[in-house]
Structure formats: structure tokens, C-alpha cells
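*Asks:* The lines below spell out each chain.
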Amino acid sequence: MLPVRQACHCGIRPVWIGAVHFFLTCTVRLPTGRDATLHKGFSTLVCGISALLLSLSCNQPFDANGPVDQHLVVFAILSTDRSTQFVRVTAPFQAIAFDPSGKYSSDNSVTNASVDIRTQPYYELGHYSNPNYAYYVPGRLISLRDTVLVRDDLNGNGLPLHVYATTGFTPEHGKLYGVYVASPAHGLASGSVRLPTKPTISIPWSSIDVVNHPPSYEPSASINFVLTLADSLKGYVSRLYLDYEVVQAGEWVSARVEVPISSADPASYTLASPIYPAITQCLATNNLRVTYKNGYLRSVIRQLADVVHGSEKIVFDRVVFMVLQVDPNLYSYYSTTQLERDPRSIRLDQPPVTRLAGGGYGVIGGYTLDSLVYPLSENFYANRR
Amino acid sequence: MRSNAPYRLILAVAGGLVIPSGLNAQTCDIYGVVTDSLTRQRIPSANITLLGTTRGAASNNVGFYIIPKLPSGNYEVSASVMGYTKVTKRVVLREGRSIELNFELQAAEILEREVVVSGSRRPVHTESAVSVHVLDQQDIRTIPVAAQQDLLQALKILPGIVSTSDVSSRFYVRGGAGDQNLFLLNGTRIYYPFHALGIYSVFNPNIVENVEVYTGAFPPGYGGRLSSVVNITTRDGRADRISARTSLNFLSGEALLEGPAFENSSWLVNFRKSLSSKTFSTIIGQHVPVSFYDGTAKISFQPGGVRKFDLTILSSGDNLLSSSPIEPDYHWQNNAFSLAGSYLPTNRVFVQWLVHGSSYSADRNAKQATGVTSQSTSVSHFGLRATATAYAGPKDQYDFGFEFGTPLLDFKFTNRLGIPADLQSSFVDVSAWARYQVQKERTHLDLGIQAELAPLLAGEGLLNELQPRLGLSYELNGGWIAKASYGRFTQRMLTVGNEDDVISIFEGWIEVPSNVPLQRADHFIVGLSGNVAPMISLNAETYYKSYGSLVVYNWNKGNIADPDYVQGTGDSYGVELVARSKYAWMDFYGTYTLSWAWIKNQGLTYSPRFDRRHHINLMAVARPIKGLSATLKWEFGSGFPYSQSIGYMERPSLENSLPGRFEFGKAEYLILMGPKNTARLPAYHRLDASLAYSAMLFGLEFSLGIDILNVYNNENIFYFDRSTGSRINMLPFYPSVTLTVTY
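The listed protein sequences derive, respectively, from chains U and C.
Under our numbering, residues 21 to 405 are what the first sequence spells out, in order.
Under our numbering, residues 312 to 1054 are what the second sequence spells out, in order.
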């Protein structure tokens, strides 16, 4: 923390006040008699006021930093696509020399916290082969363990990450989960997240034929996917992948590539400056149609078969259309990360930080991941065995 | 020239007028114009008095006056104004026959070399009206500035006007944002009157006759802005001979030429050009490659009687071009013209009309800069305005008028996703107004209404668009005047930009988004003015400004479908004191403002960054001998609001990392801010001094001026760079010299 203090000029200010007095009294032709007395009094009054105000305003300390906030910073995103869940718990910190990524800075990981995920009790239909029988599923308390992980991103201070983790727990669609973090030094932070319900995904026959026989169709031919998303959803993103296998060093290796939905030059369907879908706000309806163009699918296949793996055996296995639904908390957090800020100004807008119950920062959210997989024919035109 | 049908027709169209009964009764009027005997320039704010009676009048902005409804008889009529010798004439009024009586006043300093002209002409209406200030060229020249006098910089000495920077002419009036100020040059709207970085405005003081500044509750005829009106009237060129004036300082050079054109006409041309951006660099502490120019031309024609026609043209341009590929380039330009006329088409009805056009364009070329994108904006506004003043009686008059304009706004930008967008809008701006002013013994009533017809015709709220403008003053014992005023105002254009930017070089104009109501403010003002001592006059006002609707940022915007702006509200209130004193060869001027401003945005109430709690201006001007003047000005302002940093946090950026292990992916360090604008920067204070001496040599008038800003080199904070921890201060001790030669 570097307090910045205004330089003091108290020593020289009386000199200037004297100069003002000199100006008022000497540079003007002095009247005589009563006027002279009035004149002297007036100039003394002006100087007195000036001196008083100058001395009042002298030496005002200035520190751009306030006391460091001690609330918890919690990032917890529960998802249906993995059985290991992480909760990252830190606290705000003050940077040395205004460089938060400097080697002397710390991300203030909170290591002695208690972190729990609680599942809500619920009733489930269909027990003992009786579709009308509802049985009670009690809530569970899952305590997460303090774990140290290496960062994927080596930018910044490079310190290892302290996270809290649990294995063998896969959240489910439509269920409510509570995340509770308690730290002796930083208090409590908590939040709850209800994961979106399962969406429905389908692909019309006309699009299936385009996927099976891309060269038979014009680049502008559409590959449509029809979605019915969860009710009351805030945001979603859909992606189209192409799964393939390629022989590398004598071994078949599986790989996946994403098909762009557009590009900077949409008329040419080239892969220069491709555009991939981003998380999008759900508006009036949750029934959607997502359209890809055959031209991009063909470009991706050509790129893989002719350029990237031009002399290698390659087999295209399937296309995978994936739908990721984000809950409102995660959507709000995503929204805040997309805003612009002016890094130069002291009078910045309020930075976009989502808050948690208890005053903490971060997000307790979740997403669901669902896919429609369409296997490609063994005789797919671009296969090279 | 009077009482003919075409004029009556125009008059009727101009205001849909209902001429008050009795205007054409068989009574006598004395009317005419007041001009400078040498230069033939019209003189506004001159006092015309019927000696031995209580009747009189003041000349208006084009020097016209009328004393209506006089009984027949012999009269002695005098005309006087500060800086000129008084002239008295005798007239004989016969029943039913009005007399045109024109006055030609001689400037006092030409007539009597011993007389030192001092003080300023003040229109009469400033005494009974609230929140209006009038400055003339002499006032502007008095105030010390960096390198050269500037009109908008000079306004900062007025109460209620706050500037957040030494190097910007931009100002904020009574808690209102910068785009809530209306700038008029001879009636033409100027949308961005600032030169590069704002040290100068595009209004050269050499061409200014006077400037009226309304800081609240402005009268009918002014609309479309919520906070203030700066109404600049340019002077005419000399009609007696050709005159030249040239001036050179560290920053710019300029030349002014004026003279007679053909019979009863004059012209004036002024051109200013930046000479070196080195001075800018010294002033703001970093190299900024700036160049600018501005030019104004005016032709005035007085064919006879009270008629007058003026053609004014303004052009200005700025370039801020950096040789660095990572620094954006800026360019902007203003062009404007106005053609104005005034005449007396019928008894006691004075008409002024104006055809005006203005265009402003600006662009920002981001080049390879990060954090900014390329943008361009333009506004073109052409319009017609007509006003009619009907002098109904000795102390009552009606004003009617209308204005028709067609602003065309265009804002092109590339958003952060690299997607270009073009926001175009145009609308018809039609307003009409009526005003009645009457003096009944000690009470002066000013009742008016402004109707913004375009939104009204489109079916929008009646209450918003019929805007009352009310004023009341009452003369108390001892010469004190108590006054009160109220007005409602709407605004349908705004600039886009970050309200928290330290300096806004580029601002695009847009129409108020369709999802937000028009911006609206109500002004309530009460005041008291009088003399607290024989030598000291005081004007005190307290105001409350309620923003019923403001366009504010949508802080919850996270998606392209979310609106950029939402409706907010706000209010501001305060007390302003102005004291003036004249003693011997010295003039003293002091103001104190105590004010609060608040903006309410989506549940959060905060002070805007230009909210200043205490603001003091003290100025002393001495003219001990002829040709020499010296000024000391001291300004104190309590600190502006800012948000404190309360730490950093590491925040996963979530860029394309879903699905995936976003917890371990790319993260950014984010400054956590305390409650918005709840902390205050250190107080600002600065002492400026200037000394000017002029003398005649070889038939030329030489004037040498020395200005010293920040005499005691106080470190006033400009901004604080959180990314580096460095503090940037405003102007340090800064001397400048200006040499002016006038023929």
C-alpha cells in the first residue's frame, strides 16, 4: 500500500501571501485620509481570508487506496459434465507497487476455510416399478478438501492454486445446490444454484443428409439443430464439433475440432478469422433453431484431411452438437467479465464484480452440458484408411 | 418601412401571435437604436431615460429600444452606458405620432484621454432575474489564462460552474453533465466548442460583444438542454475605417481585420492558428501533437432605421495526430453560419429572425491502439428561428417565438467485438414559446411557457413538453430584491462517453434511446440581491434541480441485447453567493458556492465526479494608471469524488473456457473499488496573476501581457493512474507572454 501524499508548500506560501498584500497595498496609488484607512482594512481583510484558506487547504494527504476489503472471493461452478467439483476460495489483497501480478504479490488463498456443498432433499417418482410412487431423497452434505493445484495459466504471480475439491459428485439437471464457505478470518460467503433442466435437441432429416454428404450440397446449405432449452434460462451456448481419429506415430489418436458458425468473410466460408458462438442471452422463447453452414463443415474437413493431416490416415467418426446452459448466477458473472473499463482513470466506473450472500465476491453458479451425437458413415467421403 | 402587410403576415406566422389589444392605440412612442458614433456598432444594454420622469428603457441585444405609450409633450431623452459619454436629446411628441430617436454615443476613452474606462455593461434584466450572468469582452480579458484569453475558461469564475481540469474548457453547471450545456453563437448551436484538449474554445474573445450565461431556470426561447445556456453575441466590425489587430503567444497566433464594406455596412474577419504543440506538451506534461485553427467572419448591414442584418460564419478544426501506431488519431471540425435580421414591422412589435446552420464532425482512428476503437460522429442542424417582442405598455411586454430545426445525428463505431455499427437518427425539433413580463410597482413578473411541439405532436407526455418558465421578483426596502424562478426543461440528445473519463477527447452525439424517456429537469431558484455596504453588492441564490429522468449507463449490460442506457434520476442543490465591490482603481469580485449533486442509477445513489462541495473564486483587478491593469485571481475548490481502491482480486476471465476447467484458466487481476465516488480528492487551489500594459507607438497600439498561472506552484491532482500508482497533477507554475499590436 503506497500512500501518495501531496507535497507541502507551507514554507513558501507566506511569501506569496505577502506578495498579495504587497500588490494590494503598494501597486495602487494610495488614497489619503479616511479612504486610506478603508483601503488598508480592505486589503488586510482580503489577505487574511486568503491566508486562512491557504493554510486550511495545505498538506492534505491523499491515498488512492482504502482499507483492504476482507470479504471472501469464491468461484464455484458446478457442472453436469464432470464428477470432480472445485471451489476456489481467496481473499482480496493489496499489490506491492500497484502491480498485482508482481512476484511479491500474493493471491491470498484462504486455506483454513470450511467449504461444503449441500444438496436439497427432493421426491423422485418411479420407485419399485411404480411410476406413481414418489420416494424421498434426503439432502447430502459434501465437504470439500483443501487441495493445491498447478495453474494452467502461468501468467501472473505463478503461485500454486489453493482450491477446495470433491470427487465422485456429479450435479444433476434441475437440482438445487448450496455452497457454503466459512473462514475464521474472512467470515462467511454462500450461494445457491439450481442447474437448468435437460434440454431437447434434434436435427432434421434434411440436415442429416447434409452432414452425411457435404460435397453433395452447396456451401450455403444449412445444417439446422432444433433446441428446446430449459425454462427460465438466462444464457446458453451451442457448439458443433467434429470428432475424428488420425494415425500419428503408428497409433490411432482421437481428436476434436470445432466448426465455426461464421467468419469475418461469411461469403467465402474460409477458416480465416472464424467466429464461434459465445454465451448468448435467452430472450423471449426457449425454442430455438441453430444453423450452421455446410461450407464451414467442408472447410474444416478439407483443412484436416488435406492440410493438417495430409499424408496420414484419418477417419471422421461423428459430429457432436453440444448445448451448454448456464444458470442466472453464472450468466451474470459472464456478463460482468465482458464489460470494458478504462484502466487509466482514477474515476472509474464501479468495476463489474458479482457479489455473494454475506458480502463476498465471485460466483456460485453452474451449467449443464448436453449433446446430440450423430455418427458418420464408415464410408464418409473424406475418410482415408 | 413600417405597418405594411408582408411584415404583419410574417409576424403572425412567426408566433401565432395574438397581439395584445391596445398596441395600435393612438399613443406616442419613442424608439430607436443606440450605436457607437465612430464604429457604428450597435450598443446593447444602454439605458435610455426620459429625464424628469420614471420612464425609460434599455437597448436590447441589437441596440434597439422603445419607450411606449407616452403622452404628447416635450421630453429630454438621455442615453448612457458604461464606457461612453452620456448623450441627451430633446424631442417633441405629437399625439399619435411616434418618433424614431437614434443615439450615437462616443466612447469615453476617445473623448477624454484621462478617463479610465472600467467596469462592464450589465443588462438591466440581470438585476431582477435569477441565475443569469453577463460578461463582455473586457471581463473576459481580465481573467488570467494560459497563453491567451478564452471565453469558456473565463466563465469558470461564475458561481455554479465547475471545471474538473485546468486544461479543459468543458464545465459542469449546478450538478449537470457536460452535454447539458447549450452553446449558441449568434443563435447558432455549436455542438463541440472545444479545441484540442480544451485549453481554448472555438470562440475567440476578440469577436465577442457579450455572453449571457444562464445557469438555471432559463427563460422561454431556450430549450433542449437541462443545465445551462451560453449565448454568445459577436460584435460588428468597425464601419469607420479599416482596423487590424495581431497577437502572438506561446501557443497560437491570430489576426483580426475589420472595416467598412459598402454603405452602412461593416465586416470583420478573425483567424487563429496554433503555432506549436510544444506548449501543450509543457502544459499537460506529455507530448501531444496538437494543431488547430478557428476563423470567424461577420458582415453587418444597417440599411436605415432600426433594421439590421448580420451574416456570421464560423469554422474551426482540430487535429491530434500521433506518430505512434498505438496512439489513436483524432480529428474534429465545426462549421456554422447564421443569417439574422431585425426590424420593427409594426407599432411596438420588434421582430428578430434567424436562419442558422451548424455541422460538427469528429472521428477517432484507433490505428493499433488497444482499449479504444475507431469511431466517428457528426451532427448537422439547420433551422429557423423567429421572435417578436410586443411592447404592450410602459412596463409590460410580450415575447413570442418559434424555432424549427432538423438535427441529423450520426454515430459510427466499432464495438469491442469488432462489429461495426451506425446509429443514425434525425428528428424535427419544433418549439414555440410565449412570455409576458410586467412590472407592477415593486413586483416584476416574468411568465412564460415553452412548448416542445415535436414530441407533443408525436403523442408523448403533455406535461413534459409544455414547460412553464416562471419568474418573480419583488423590490424590498433598502433596494434589496427578492426573486424566485421555476422552469422545466427536456433534452433529447446526449453525448456517449464514459462519464468518469478524466478527459473526453471524443464524444459522439446520439438521440435519447427509445427505451428511455426524454431527459427532464425542474429548476427551482430563490434569490436575494442588494448592497450590504455602500461599496459592496451581494447576490445570493439557492437552487434545487430535480432530474426526473436522466439517461444513465446500464451497469448490468452484459449482452448485446441489453440496452446500453437506462433511465436514472438525480438532483442537485446548493447556495451561491456573488459579491462585487469597487474601490478606487480596484474592482473586487468574489463567489462562493456550496453544492451537492446526486445521480440515482439502478438503486445506487452516488455523486457525479464533478460534484464539488465548496467552491470559491476571488478576483481583484487594479487599474492604477492608464493602460496598465493587473489582476490577481484565487480559486479554491474542495475535492472531487472518486472511488477508493480496496484491494485486488484474481478473477477467472471465462473466455471460451466453458465447458472446461475455468478455475485454472486465464485470469485477470481486478481492482476492487470501494463505494462509488464516496472518497474525495485533495482540495484544489491556485493563484493566478496577470499584468497588461498597452501604449501607443508610431500610430500603433502595442499591448504586452504577462500571465502567471499557479503562482505558488500548488500541486493540484489531475488524476491518479491506478495501474502504475503515479499521480498526474494539473498545471504547474506557468508563465506566458502575449504581444498584441492593433492598428
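Be careful, since some hints might not be right.
To be verified - Computed Cβ-Cβ distance ranges for the label pairs, DEER-style:
1. His-925(C) to Leu-389(U): 56 to 62 angstroms
2. Gly-668(C) to Pro-224(U): 37 to 43 angstroms
3. Leu-768(C) to Tyr-394(U): 55 to 61 angstroms
4. Asn-826(C) to Ala-287(U): 48 to 54 angstroms
5. Lys-911(C) to Thr-104(U): 43 to 49 angstroms
6. Gly-668(C) to Val-246(U): 52 to 58 angstroms
7. Ala-275(U) to Lys-911(C): 53 to 59 angstroms
8. Gly-914(C) to Glu-265(U): 20 to 26 angstroms
9. Gly-914(C) to Leu-303(U): 50 to 56 angstroms
10. Arg-138(U) to Trp-907(C): 45 to 51 angstroms
11. Lys-911(C) to Gln-301(U): 24 to 30 angstroms
12. Leu-768(C) to Ala-292(U): 47 to 53 angstroms
13. Ala-275(U) to Thr-1035(C): 57 to 63 angstroms
Said to hold, decoys possible - From the structure, some residues in chain U lie toward chain C, with a derived Cβ separation under 7 angstroms:
14. Phe-82
15. Asn-85
16. Val-88
17. Asp-101
18. Ser-103
19. Pro-112
20. Gln-114
21. Ala-115
22. Ile-116
23. Phe-118
24. Pro-120
25. Tyr-354
26. Tyr-381
Simulated from the structure, these hints should not be mistaken for laboratory data.
Here the structure is a predicted model, which is why all the values come from computation and not from measurement.
Glycine residues also receive a C-beta, built at the ideal position from the N, C-alpha and C atoms.
*Asks:* Would you mind marking each hint as holding or not holding in the structure?
*Replies:* Hint-by-hint comparison with the structure:
no. : hint                                          : in the structure
1   : His-925(C) to Leu-389(U): 56 to 62 angstroms  : holds, 58 angstroms
2   : Gly-668(C) to Pro-224(U): 37 to 43 angstroms  : violated, 58 angstroms
3   : Leu-768(C) to Tyr-394(U): 55 to 61 angstroms  : holds, 58 angstroms
4   : Asn-826(C) to Ala-287(U): 48 to 54 angstroms  : violated, 34 angstroms
5   : Lys-911(C) to Thr-104(U): 43 to 49 angstroms  : holds, 45 angstroms
6   : Gly-668(C) to Val-246(U): 52 to 58 angstroms  : holds, 55 angstroms
7   : Ala-275(U) to Lys-911(C): 53 to 59 angstroms  : holds, 54 angstroms
8   : Gly-914(C) to Glu-265(U): 20 to 26 angstroms  : violated, 55 angstroms
9   : Gly-914(C) to Leu-303(U): 50 to 56 angstroms  : violated, 24 angstroms
10  : Arg-138(U) to Trp-907(C): 45 to 51 angstroms  : holds, 47 angstroms
11  : Lys-911(C) to Gln-301(U): 24 to 30 angstroms  : holds, 26 angstroms
12  : Leu-768(C) to Ala-292(U): 47 to 53 angstroms  : holds, 51 angstroms
13  : Ala-275(U) to Thr-1035(C): 57 to 63 angstroms : violated, 44 angstroms
14  : Phe-82                                        : holds, 5 angstroms
15  : Asn-85                                        : holds, 5 angstroms
16  : Val-88                                        : holds, 4 angstroms
17  : Asp-101                                       : holds, 5 angstroms
18  : Ser-103                                       : violated, 13 angstroms
19  : Pro-112                                       : holds, 3 angstroms
20  : Gln-114                                       : holds, 6 angstroms
21  : Ala-115                                       : holds, 5 angstroms
22  : Ile-116                                       : violated, 10 angstroms
23  : Phe-118                                       : holds, 4 angstroms
24  : Pro-120                                       : holds, 4 angstroms
25  : Tyr-354                                       : holds, 6 angstroms
26  : Tyr-381                                       : holds, 6 angstroms
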